[in-house]
Every structure is written in structure tokens, then in C-alpha cells.
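**Student:** Using the sequences provided together with the hints, build the complete structure.
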Amino acid sequence: MLMSQLYAPTLRETPAEAELASHRFMLRAGLIRRSAAGVYSFLPLGLRVIRKVEAIIREEMSKIGGQEVLMPIVQPAELWHATGRWNDYGDEMFRLVDRHNRQFCLGPTHEELITDLIRSEVRSYRQLPLRLYQIQNKYRDEIRPRFGLIRGREFIMKDMYSFDRDEQGLDESYWACYHAYERIFARCGLDARPVEADSGAIGGDVTHEFMVLADAGEDLVLYCTSCEYAANVERAEAGPVASAKAAGEQLPMEEVATPGTTTIQEITAFLGVEATQCIKTMIYLADGEPVAALVRGDHELNEVKLQRLLGCSQLELADPETIAQVTNAPVGFAGPVGLAVPIVADHAVLEMVNAVTGANKADYHVKNVNVGRDFNADKAADIRAAQPGDPCPTCGAPLTSAWGIEVGQVFKLGTKYSAALKATFLDENGKEQPLIMGCYGIGVGRTAAAVIEQNHDEHGICWPMSIAPYHVIVVPVSVKDEQQWETAQAIYKALQDAQVEVVLDDRDERPGVKFKDADLIGFPIRITVGPKSLSQGNVEVTLRKTGDRTEVPVHQITEYVVNIISKG
RNA sequence: CGGGGCGUAGCGCAGUUUGGCUAGCGCGCCUGCCUUGGGAGCAGGAGGCCGGAGGUUCAAAUCCUCUCGCCCCGACCA
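The numbering used here numbers the first residue of the first sequence as 3 and each following residue consecutively.
Watch out, some of these pointers could steer you wrong.
Unchecked claim - Calculated pairs, SDA-like style, for lysine to any residue (alpha carbon to alpha carbon, straight line, at most 25 Å):
no., residue 1, residue 2
1, K495, P196
2, K418, E236
3, K495, P513
4, K418, V306
5, K418, L108
6, K534, Y562
7, K369, M255
8, K65, D173
9, K381, V306
10, K482, D510
11, K369, S245
12, K569, Q456
13, K424, E144
14, K534, S480
These are calculated hints, taken from the structure and not from any lab test.
All values reported here derive from a predicted model rather than from experimental measurement.
**Tutor:** If you want it as C-alpha cells, here you go:
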């Protein structure tokens, strides 16, 4: 490909919309252009990268017996009604109505479709296991699309669905895919790590997310530095805390005036106590029913854990009116003593002695509150967010935290969809059983973006060889110099003949312009054909990632480059 | 959805507070000259319904009303 013909409109300045490195460089290097919020076109260079990521995915899916299918983006509402997700998905689903007033959605995912697709054909255990996958656009009307391809409303996703006869089969499918994902991300040049995760609306109980650790990540990951434990903060178990019970005698409860102090920070300053002595009481509405959740003052409540514990489909902080009704006080003075709604307490709260908490009375708190004597929790559970420094649930060493970009997730779904859609098979005994399902997604565009987050410098992208849009760019310092131009063309042709993906920068530009564009786009190898080296019969090979420069004789250049590429 | 901000040339922005002649600047683009190892220089040039609609006014990018779009923070999220 000639640079003068390549549709890669590079930008000198960064468009105002972009903040993250991946977003900035994808725009500046001419990989993508925005069409609407969270909706992008892929230009030739961007598409080449996407296709390479997809090719790696296809190879690895194929290795574990995955067969590719293509399913509709437009999906009928009935299937979604059958699983209840037409409602559960809420505003995140793009919905449309046809001329006959029939309802459809743009598929945010394909569990319903795939289950419908196989349920009439798969009849026998002899047809199992079955692993089907698709790579295609999916649609989610995100509340806030951002960061370019990292959180779009239209995005390319690979999803594999597995169908097995029993739990053991599911386990095999799950771990086969888990290991395929490790290979896929490694081949894309990513440092990705699997972490335990929450399964959210999609259902299921066992699940791992593959996280690319990067400051730009949207998920907080807690991991252990001395063992393999790693988990999304939504899921991370909070270990036990030191009990205060032995430390002190229970003192008589005492009401104190605390005018205008509604936050833990204000209370600790006003009363001169530690946050660890305070009980934070939050009133939630679980499917509309009020419930009080207690955590220690220095802890954060984990809503995902609370929701899972309560088994509700909607969980939100109660509005001020409800709080006033439940606690007889304005927001900021809630406490468990004498409260008439169900109380859920974090384990750490049960270990507290002589705690400070709201008095359920405007401008008052109570001191020396003790569990068992002054109030009882209806449920005690792990409902706080684990935090850095907490003991690892596996080995007890302190946990560390980091931000992660979720590039893939594997789920054991079980029978949620097969039961709802009556996808069954006959086992060896002729007995009808629901198929046991798993699903396994990879965000393709997001993976490419994550690669840039981990592989860039101030000048631009540093593509790993495996997914670089082209391997090599040949840059003659001056195309007007006959010897340089002839040599550059000869090298270009020789590399093409050797199946190298190469671009020749044939533009009559000053060298600085060509070098800047080469760095921005991120060709892993640059061959500079200039007067200095050429007088020695050499050209200069520069590696984008390391900046290493090597003089190579013109007649050896093809072999030299092919060798670098084959090493990845 | 709540809070904040922005829509003026392909990109980045000024001008809007205090209405006034032909709407500017840098980059990019086109032509010519010149230059060729890290985004050169000179000269000439093209490109705008100032997001859209309505209103006020002798006069609107500028004031008013409505609307559409985008960005950031939060809530939310396979």
C-alpha cells in the first residue's frame, strides 16, 4: 500500500472529545471516526486491527471446538419476554417497532437467540457438547458512552455459547474457554488477568472477568501479591476484622446532640471519635421495600453484594421522604436502634462495642450502642466493599488494588435460558433435561483499545506485531532523490513478495512529517532509506517499541525484516 | 436522570459580557517557488446558513424563547 493512497487521515491536534490515550490516538492516527455518541466508523487502519484481533479469536475458538455462526441484530421481543429480560434490561436496550407495530430490539447480547436457534435441533445427548460463537455488532444504549471504543453503544463482540449435558461438561467448556482467553489476550500483546466477578443481569453463579490493568480502567480490581487471588471489587470477599468485643465493657447508651452533623466525617470531628467506632446506617429500597444496611464508619457498602443477599431485582438508596418516614428524621440521622424495618449488618458491625450511630431523631446521635443489647440485626453478612490492605480471603496477605479494563468475561449460566425457553435434550435414560449453558464474551474493539492503553508513548501507538495494521513502513527521506526512491521501491516490492504487510511512504513530504506519521500510526518496523546509510549500501531499521536502530545492508533487508516479524 | 460545560472553516480556538460595516487566528487543504534525517520558508488561493427554528431590533455569531447535538462529573452498567 502506498501512503499517498492510504485513507488514514492523521490529525496533528487532538480532537476535543478525546481524553484517553487509546481514544486520542485512534482518532489522530486515522483508525476511527465518531458518528454519534458511542458510535464509530472504522477506517482502513482501524479495521485491519479489528480483523487481526478477530482472526486470533477465531483461531483460538476453533481450537476448543467452537463453530462460528452469524445471528440477527434485530431480534423479536417475544424471546426476550420469555426470559423476562425484555423488562430486566431496562433503558439499556435499543428498542424499535416495525410497521405492523411489532416490537423488536437491537441485540445487546444473544443468549435468547442462540437458545432459540438450537432448541428445536438439539434433541439428544449424543449431539453434546456444542460450542457456537459469533462475532458481530451488539447494541447497548449506555447511560454514558465514553472513552471511544472502550464504552460504546454499538460495539463488536465475540460471544461463544456452550451447551452441555451436565455440570461436568459445563465445567470443561468453561475452563477450555478460560484458557483460550488467556491465549487470545497474550497473543494480542496484552497483560490481562482473570479475576473473580459478579455475574450481574446475565445470570449464573461462577464467572471470571479478564482485566487489563490500566489507569484508565473503569473497574476496581483487588488482588493478592502473594497468591493467585484476584477479584472485581463488586465480588471481592471482605475478610474478618479485628473484634473490639474483648476490649471494652458495654457502657450505658447515651443520646447526644449533634446539630447538623450528617456525615461520618462530621460526626468523628464533632464527637472526637474514630470512624471505626461509628455505624453507618443506610436506608435502601429493595424492590420498593425499605431495608436498613449497616456498615462500619470507615467501610463502604457494596451494593452488588447487598442486592445479591436480598435477592431483589431493583436496589436503590431510599429517597429523603422514605428516609424521613422510616427513621422519623431527616437524612443523616438514621440508626439501627428502634428501627422498624429489616436490618442487614455487615460482619464487622457485629464486632463493634460502644458504637456511635444516628438516633433516628433530627440533630441527635447515640453513643455506646451495642449489638444484641440495643438492637438486633435480621441478617449478618459480608456487605461491605473490600479495600486495599484487607486480608486476602485465600491466604491472608494484604490485598492491593488496581484499575482494570474488562476485555472479556466467562460465565457459567446453568439452565436459566434453556429452562425459560424450553431447550431440552434426552439423556441416556430417555429422560428430558434442560441444556446446561455457558457464555463467553470478548469486546473486540475494547481489546484493541486496551492494547493501545498498554502500548503507547507520547508520539503514538506502539502496536504489537500480532495486531499491527501493517508490519513495516518504508520511508525514503526524499522521494526526489532517485537512488533513495529506487531503493525504497525495490525494498517495498521485495517485502510484498515475502508476504510482509508493508506501506511505502511515497509522499513528497519532508522527513519529519513522515516520521511523525509513522510513529503515530505505530508501524512496528520502520525502514528509513536515507543518504547517510545508503552511501554505505545500507538502510536503517527502527523498531517502534524500543527505538532500537540497526544498519542493514540493502540486499539482506528482506530476510532481516521477515526474521523480526516471525519472532513477533 | 441530576450537576457543570461546549456547538463559529477539516482540526484546535478567538470574537458573545457591552448588538454595528466585508466574521478572525493557528494548523491542515489547493497553486507556484524553494526545501528534504523529526510536523521548514516565501507568495498567492479556496473553504463558514456562526448547530437548528422562532422572536426582539434600523441592524443579531452576540439579546430572548424553544429545540437538537456533543463533552465532563455523578448515579448506572454483559
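**Student:** Does each hint hold? Answer for all of them.
**Tutor:** Do the hints match the structure? See the list:
no.: 1; hint: K495 x P196; result: violated, 43 Å
no.: 2; hint: K418 x E236; result: holds, 22 Å
no.: 3; hint: K495 x P513; result: holds, 21 Å
no.: 4; hint: K418 x V306; result: holds, 20 Å
no.: 5; hint: K418 x L108; result: holds, 21 Å
no.: 6; hint: K534 x Y562; result: holds, 20 Å
no.: 7; hint: K369 x M255; result: holds, 6 Å
no.: 8; hint: K65 x D173; result: holds, 17 Å
no.: 9; hint: K381 x V306; result: holds, 16 Å
no.: 10; hint: K482 x D510; result: holds, 8 Å
no.: 11; hint: K369 x S245; result: holds, 18 Å
no.: 12; hint: K569 x Q456; result: holds, 20 Å
no.: 13; hint: K424 x E144; result: violated, 31 Å
no.: 14; hint: K534 x S480; result: holds, 12 Å
When the structure is compared with the earlier hints, violations turn up for hints 1, 13 and for no others.
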